[in-house]
Amino acid sequence: MKRTSEESQSRLPDNSALKQQQLPAYRLQLTATGVLSGFFATGVFCLGVGIILILSAKSIKEIEIKYTKICGNCAKLREDATNFDKECTCSIPFYLSETMQGNVYMYYKLYGFYQNLYRYILSRSNSQLMGTDLKDVGTCAPFSRSHDGTPIAPCGAIANSIFNDTIILSYNLNSSIPIEVPMLRSGITWWTDKYVKFQNPRSKNLSIAFAGTTKPPSWAKPVYELDQEDPENNGFLNDDFIVWMRAAAFPTFKKLYRRLNRIQYFTEGLPAGNYSFNITYNFPVTRFRGEKSVVLSTLTWSGGSNLFLGLAYTVTGAVTWLAFFSMMAIHLMLKDRKMFFTQQ
Amino acid sequence: MFCSKKKSLEVERIVKANDREYNEKFQYADNRIHTSKYNILTFLPINLFEQFQRVANAYFLFLLILQLIPEISSLTWFTTIVPLVLVITMTAVKDATDDYFRHKSDNQVNNRLSEVLIDSKLQNEKWMNVKVGDVIKLENNQFVAADLLLLSSSEPHGLCYIETAELDGETNLKVRHALSVTSELGADFSRLAKFDGPDTKLMQNSGKTKFKRTSIDKLLNTLVLWIFGFLVCLGIILAIGNSIWENQVGDQFRTFLFWNEREKNSVFSGFLTFWSYIIILNTVVPISLYVSMEVIRLGHSYFINWDRKMYYSGKSTPAEARTTTLNEELGQIEYVFSDKTGTLTQNIMTFKKCSINGKIYGEVPEGMGQKTDIPKKNEPMDFSVNLQADRTFQFFDHRLMESVKLGDSKVYEFLRLLALCHTVMSEENSAGQLIYQVQSPDEGALVTAARNFGFIFKSRTPDTITVEELGTLVTYQLLAFLDFNNIRKRMSVIVRNPEGQIKLYSKGADTILFEKLHPSNEDLLTLTTDHLSEFAGEGLRTLAIAYRDLDDKYFKEWHKMLEDANTLKDERDERIAGLYEEIERDLMLLGATAVEDKLQEGVTETIASLSLANIKIWVLTGDKQETAINIGYACNMLTDDMNDVFIVAGNTAVEVREELRKAKENLFGQNRSSSNGHVVFEKQQLELDSVVEETITGDYALIINGHSLAHALESDVKNDLLELACMCKTVVCCRVTPLQKAQVVELVRNYRNAVTLAIGDGANDVSMIKSAHIGVGISGQEGLQAVLASDYSFAQFRYLQRLLLVHGRWSYFRMCKFLGYFFYKNFAFTLVHFWFGFFCGFSAQTVYDQWFITLFNIVYTSLPVLAMGIFDQDVSDQNSMDYPQLYKPGQLNLLFNKRQFFICMAHGIYTSLALFFIPYGAFYNVAGEDGQHIADYQSFAVTMATSLVIVVSVQIALDTSYWTVINHVFIWGSIATYFSILFTMHSNGIFGIFPNQFPFVGNVRHSLTQKCIWLVILLTTVASVVPVVIVRFLKMDLCPTLSDQIRQRQKAQKKARPLRSRRPQTRRSSSRRSGYAFAHQEGYGELITSGKNMRAKNPPLTSGLEKTLYNSTSWIENFCKKTTDTVSCFSQDKTVKL
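For the record, the sequence lines run as chains D and B. By the UniProt record's numbering, the letter at position 117 of the first sequence is numbered 117, and the numbering carries on one by one without gaps. By the UniProt record's numbering, the letter at position 892 of the second sequence is numbered 892, and the numbering carries on one by one without gaps.
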């Protein structure tokens, strides 16, 4: 044996913990104490969070007005695409019984609008929207080029189907003179969208920058004339446009339209009283049997959450507790039963 | 000179020796050995072609092609191509490494040098350049790398001895004889190359190894098919949904998303959607499954290679997993088929004990009070006084030496007999030491024993035997050699000592020899019989030893008759046998020898432990029934406690059938007294009996020999045999041919649906090793054939215990856990697309980001599950060895089966529901903390992806029962990797470079900073994990498995003390059996007396015993017939035409 010791040394496997499968390790074992206390704690936590969430969801003041039916004549007008140049407005008065405290946000909400269709969601050109390459419309089918082959800017189905109603909220302080509630357009987009994802082509004059492109077929105005009042709010940097371009996950969705500018009468929020929405009705929804509404809402610490999350937490917490008690009962009952080792 | 050989394609091959030009006309293969598959140029195309032949890879290629069709494509091409390329590259690298090693070993063989006669000159030539028809000069101890025809040798009569270790693993020398015409040609070994390279016997016999697959593999194939079916169902549901949706809703939605003319049809849209969903949902069968399994098995194989507890320092041989695809099957073995010689036993015979004239000598087992007065009984005797002694010989009883010193005549006679009556050849090596060439290790042990006690067999000529008796050289005249054969079960020599006395020395099976004794031996006979049963009870191989004094006249008469008989043409053998009977009578008993067929270390314990693990062990051996039974008793497979031992040894089909029937009746008779279940149809009977099997109590054993087996394996008795055998605790098949070994394995494999393992060491085990699910070769021997054919190899039988109970069990356990988790994970991952389909107009929109789909299986979740699959342990290796019952779940296939698969699937579906509907509910009508809308598709995708990664990570954390550093690093690392990749892909920088590829810019920053999104993720995790914990806890509490209990116990007494080893006690039984041992072939006696195998320096003396030329050739033929079990027999040369 000695003469082969060198050789045998070389063939003898290493005595390392890894190779001998002896790595120091923690053996995970579901112990009764561990599991039961874990369940108890989880139950407490979930119930707590659930109740807090339900309470805060209840504290939200929200008002939603569906205006497809109220503005039925406008809806009918829009069903025919050839009437695109006819303006149609609609006024919806409503009474706010309670003051909406704090920040108030105005949303438009669409029902049955599938922004999550595969072909719809892809039909956009991020490189065009970044302003680097206006002619890059390759991914925008079926709205990439007009009939004469001019690239559309902004191209794609999402851009083409932009929500283009104008909603103005008026406050009837004294029953006669309505005051337009001051609304902010700023801060309704994601910071990265506004400063990274969407950029206008570099040029002093937007109309020159967009030369060689054409507007989407459903648009009334080219992209550089979206906002007549604020020249900064034009092109791809238009806030409403950016909000729209962030496609919704489900066919029913609400998107932020304006937020309350808390000045004058509105420093505390929206006082109770008579209001009306003045809507310029452009966006057709009856064609796909959809509906649209306008929503005013306040927020809580967790944003504009709904009841679901709170309820779900409460239910989970309750179930966990139920499980905790039944498991404890079973465990205590079975404590003294026979096992492999006790049999011997 | 022409040679020819029958071959399937070539009818004959005519070769001109030493004429390369002529032989080249036939374009014989060259002598280069190719076992490698590729070279540098062909690697890529061949390897790719092979890889795409695999169903899984082809499937993913098909998916890739589908993705390239723009109408269908619902995922970008990289989601499939990245994993596919990764998988294919990994496999290719593995194949390339394997092939590199094959190239290396090929080169080593091909570049060995040989001396070839070229242009009438001996030249050194590499073996690979040797051509058919070359004349080659071989010297002693050279390798031969072609099939050769022996022309001539330096030995007398053109004999040469070859070792066929690389061919069949047998290390004993085999005699080959040159043609008498050519034997005069030269003084050195010279041979003619006959078949080269791929035509050689070895390469021809190596055959195509069957591609073995594990039962998990097969199950997986079924499951994958089911999953495909499930996938198609989902696809159809979604396609129908799409058609309806397009018809009802989508139609009106065209303003915003008009269709091209040809796509207007909603049915056609549904058809396209079907394919799109097939692409999206393909991740239920993840491409990384197969590659992960291979990685895990490779890891397990390395653990086997690395295991120091399976390293045999005696031969410095580590265990080796030669196949890396079968590991988990090791955890499911139900039947072990074991060879005997070299596997259970060491193939080393040691002279253990003897009984001389009624006195027992040798090591005395403990507890036998009356003999404990032996001084220093645990110290081997010192033979250094005897210069000729064999150093390796050990004997523990000093009294025998004392008897020798005292000059006990019976002891002298005993030892003299051992030194005279044998077929051993002696030789002196360069150091002047005496070396014995034995052809049966039993004899070697006996002659060596005599040598160490002072009766040294020195040399022999055809008619003398020279023995050094206590220092003085004595030459005996060998008058007759009464050879061994199977019927006689004994051998005798008749010698004349220098004093002129003629003596017959005989050794043989006690049962036979005792009948031949002189009546005066009666007292000694009873005493010796007692001793013999004691020896046999210890599993020793015994021989009875006797002698007879012959008077001159009687012998001469007898010898005359023998010579007459020898010249007879008819009935020669019968006459000779009769004459042998005639002289071998009135023997005087000397005593008995006991040789230990040394069991390998730990065999008894291993067998006991494997039986506890419900593994049935069948011994298949080429040995005789007696030897096999002996070993059965020695390793406790057969015990006296057994209710019955059935022996089937019939020679005809009828007899065998009858014997089987009787055995069965016996078996049932003892269990259920009245049974008439024999009339039912065979198949039903099998089922019926498998129920009965459970109810049969008591231990039975079946011993069946090769002849009977041949009949029993015929189709109609097959089931009876199988049934009977499976009910017996122990099955021993003796005198079986290699083919029968394979047939037995196949029988059990096919009709029992059981996982089989065959273990052996020699070439005769190759067929069985290849046909069993798992073949294990005993390595460290010089022969390689068994190891080369095996899937696993190690040096000692006892390592089988560790291989199965530890490595096999762990492999199975890990693989099952891995598969369960993998299916769960992918169902959870993929099915959310299905739920989402109902909310996105069945438009084949994915829930997740494309990058996430690409990376989920190969980056985010691959390593933790791999770490679990490689490192996980439920109980420690020591526990696995101590509680063999832990092995049973594997045999019953409990850890991963169709039921478990459905559980995993249900778990996955539940998780996907929680994953999808909790965020869905939470995202309805929700707004961010700054009032912005966060229910956008991208936020939803990120929320879901993050929840998924966290949920599956928590799940793997729960599943991992053995948390090593690696598990920690991988699990935490995967989560960290997920977040860092997420942040990178959502960063401004990467968007600036590839705006179209990474549209999720800023998403992390906005959504993952929202409290409510984290609350959603948390709730999803809790809701997914809580039910799992409940189920596991209740399962563990209500019906804990053995491993649960061991773990609990371990935890409870963690630092108290290690569990006591519950090794079963080894018992020795004692019963009267004839354990006579003769392992050698007949024919050697003739070889000795003919002087054929003796050097010319001992020229054969002309005597009456010399054979004629006719006789010598007949001897060669005889010899060939008798060496049927050797692979490369001389018989092929019989077809040589002159």
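Simulated from the structure, these hints should not be mistaken for laboratory data. None of the values given here were measured: they were computed from a predicted structure. Glycine residues also receive a C-beta, built at the ideal position from the N, C-alpha and C atoms. Be careful, since some hints might not be right.
As the list claims (entries may be wrong) - Which bits of chain B does chain D cover? Going by a derived footprint, with three or more residues having C-beta under 8 Å, they are:
(1) 93 to 107
(2) 316 to 327
(3) 616 to 623
(4) 649 to 656
(5) 931 to 939
(6) 1022 to 1028
Hint check results:
no., hint, in the structure
1, 93 to 107, "violated (count 0)"
2, 316 to 327, "holds (count 3)"
3, 616 to 623, "violated (count 0)"
4, 649 to 656, "violated (count 0)"
5, 931 to 939, "holds (count 9)"
6, 1022 to 1028, "holds (count 3)"
In terms of the numbered hints stated before, the structure departs from hints 1, 3, 4, listed from lowest to highest.
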